[in-house]
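2 protein chains.
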Amino acid sequence: MRTEICDRLGIDVPIFAFTHCRDVAAAVSNAGGLGVLGAVGFTAEQLEVELQWLDEHVQGVYGVDLVIPSKYEGKGVEGLSPEELEAQLAKLVPQGHRDFAEKILNDHGVPHLPPEEKHNQLLGWTATTVAPQIEVILNHPKAKLVANALGTPPDDVIKQIQDSGRLIGALCGSVKHALNHKNAGLDFVVMQGTEGGGHCGEIASVVLWPQVVDAIGDMPALAAGGIGNGRQVAAALAMGAAGAWTGSLWLTVEEANVPPAQMQTYIDASSSDTVRSRSWTGKPCRMLKNDWTEAWEAEDTPNPLGMPLQMMVALDGVKRGHRYPEQAKDVNFNPVGQVVGMMNKMERSADVVQRLIAEYLEACERLNKLNNA
Amino acid sequence: MRTEICDRLGIDVPIFAFTHCRDVAAAVSNAGGLGVLGAVGFTAEQLEVELQWLDEHVQGVYGVDLVIPSKYEGKGVEGLSPEELEAQLAKLVPQGHRDFAEKILNDHGVPHLPPEEKHNQLLGWTATTVAPQIEVILNHPKAKLVANALGTPPDDVIKQIQDSGRLIGALCGSVKHALNHKNAGLDFVVMQGTEGGGHCGEIASVVLWPQVVDAIGDMPALAAGGIGNGRQVAAALAMGAAGAWTGSLWLTVEEANVPPAQMQTYIDASSSDTVRSRSWTGKPCRMLKNDWTEAWEAEDTPNPLGMPLQMMVALDGVKRGHRYPEQAKDVNFNPVGQVVGMMNKMERSADVVQRLIAEYLEACERLNKLNNA
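Protein chains in written order, with the working numbering: chain A, 10 to 382; chain B, 10 to 382.
Derived by calculation from the structure, the hints in this document are not laboratory data.
Be aware that a few hints might be false.
No copy is singled out in the list; a pair is fine if it fits within one copy or between any two copies.
Stated by the list, open to error - The list that follows gives simulated cross-link-like pairs (lysine-lysine, BS3-like), each with its CA atoms no further than 30 Å apart:
1. LYS185 x LYS328
2. LYS100 x LYS354
3. LYS298 x LYS191
4. LYS292 x LYS191
5. LYS191 x LYS151
Looking at chain A on its own, in the form it has when it is part of the complex:
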């Protein structure tokens, strides 16, 4: 299954693993794929620690996934520190929204964080917080690929990363987004179908993938949204994708730093249990349906705000859920794709990579048999 982007990156198989856990990223890179660390939520200092760890534990290369706003400058935020920017934004959040979120968590008995675990709220989600992350990445030669989770990055960021010998790409949920990425000169796109976990569009993978491939010509297009099995990798490559970009799959591996109670929730869930909801981040994001998502859907409750304001409302819930996963079982933030229905046991990351390759070859063999019958 080796495609051209494998040669450019020096990896064996075009299996890309998006994960917030460095152990998973390292395991996938060392198994022949490419681990991609999600950097959102890390300060520049924390990211430096993570990438140093990856440098030590990865034999080849790895990637980093950022949230780079397309309006990197402007909007009157020049010169504001992240803290000042956040203070400005905080004034735009209605108290009723904060109260509603607080009530959902309290009604479910989710404890408050201890005061010593207070946190910055918007790390990596605004222009002023992402620039220092990029500086960090540029100091780590094994960090060979940068992906942007939301929109086309600004020209200067693209140039800066490409000039350093790295590849930069971005996610897209439609042909239009893909063409924007191509016109901006990105090296690859990640085309994510609506079934994918986290932020996603409305168009499903089977329809999206071949259209993006046709639209962007010889620019590599990685298939995302729904992939948890090598047969799906074969399907993606048959439709012209240059590789498979996976995310949900790595929530139930041994190396994942997902609390056991939350991991069990993923293992138990079926493909019917997800919903595209704006209730955590303000943008449509696929996650497990639960009391939190239902509460924000109800008719007589506040409507979710936009991004990043809804995140300021919900981030306390994310942190409390992460800290107290048992108590937050029914109101936790569980971003995951419909492929959750295929994630039925805990596996080792390296075994997952091997399984994907074996299933891929089996699927190719199935086609060959049909054609030679």
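Assemble chain B onto chain A, guided by the hints.
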């Protein structure tokens, strides 16, 4: 791409074409696939005429798609004629819903039907109207396959059709539905992803197909939802499907009896232009977004009723839209899947079948090259 179900049916390629137009069904069957006529909306007498025409124009075999309610008996409708049943149901429709539908159509200047074109409302959508259709099918030996669009058919219908030497299957949108079909002894399932046109579930094809294939074992599973290109057929077969079930694709072929204005709407639409709406049939159904679907979505308007009551509200709109497609351009019933974004020109049905086969082979070749590189 010949699979076992091809041998059972005596067809060359496992390309199934669901269509309401006999000319399309005949063209696909004669090109080596299987045309499947949607029988909903036909009286038994009309269906007899259609199938006689198909007998004359199809060299091999064809299929018929019905809407057989799973509760075929009972619910206090025994002995009621279709007209009596409809009169009973009509009493359950609030006048406010009828008025709202009427207002949408009138506001858009869609003329009323001439009095001589009055119509029965619920043909084929209730137990009492579908039984005579089955009798008709059993008299046509070339009608070799029966598919049920909604749910598992009752045991006596399954037995009746299988005893006659025909295959009977049903659509499903989840593993659970597929297992119900298997346990009822059906011959095949059509697993339809959420991207598909018409009634559909929430699970996308890439995630649904491999799960259903694994769940039902050696029972043939046809892949539906999003297929408009042979690369997608290759993807489906790579994931273990026994064939491709297509529908939307046949709305923009030369032989389709779709009014030119409506066909142009399909040709112009992108994959972002569809919505899953209950506004026409009462069940979630994928169609083009327009002023009608938006009107029923708005906050201060009636909520769609269930099936079949919403159909009684909306059927006049279907008929007026079909009769006056120009005027109804923005309020017409345009059931179609997300693959509409790939339907960009009118083609001949036989050419579509040939194209699907050629693209399929190209996709298989792409995989072979990757694996032998």
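For each hint, the structure was consulted:
1. Within a single copy, LYS185 and LYS328 get their C-alpha atoms no closer than 35 Å, and across copies no closer than 35 Å, so neither meets the 30 Å cut-off.
2. For a Cα distance limit of 30 Å, the shortest separation of LYS100 from LYS354 qualifies neither inside one copy, at 44 Å, nor across copies, at 52 Å.
3. With identical chains, the CA atoms of LYS298 and LYS191 are at most 30 Å apart between copies only, with a shortest distance of 28 Å across copies and 35 Å within one.
4. Within a single copy, LYS292 and LYS191 get their C-alpha atoms as close as 23 Å, which meets the 30 Å cut-off; across copies the closest is 39 Å, which misses it.
5. Proximity of LYS191 to LYS151 under the C-alpha cut-off of 30 Å is restricted to the intra-copy arrangement: shortest distance 25 Å within a copy versus 51 Å between copies.
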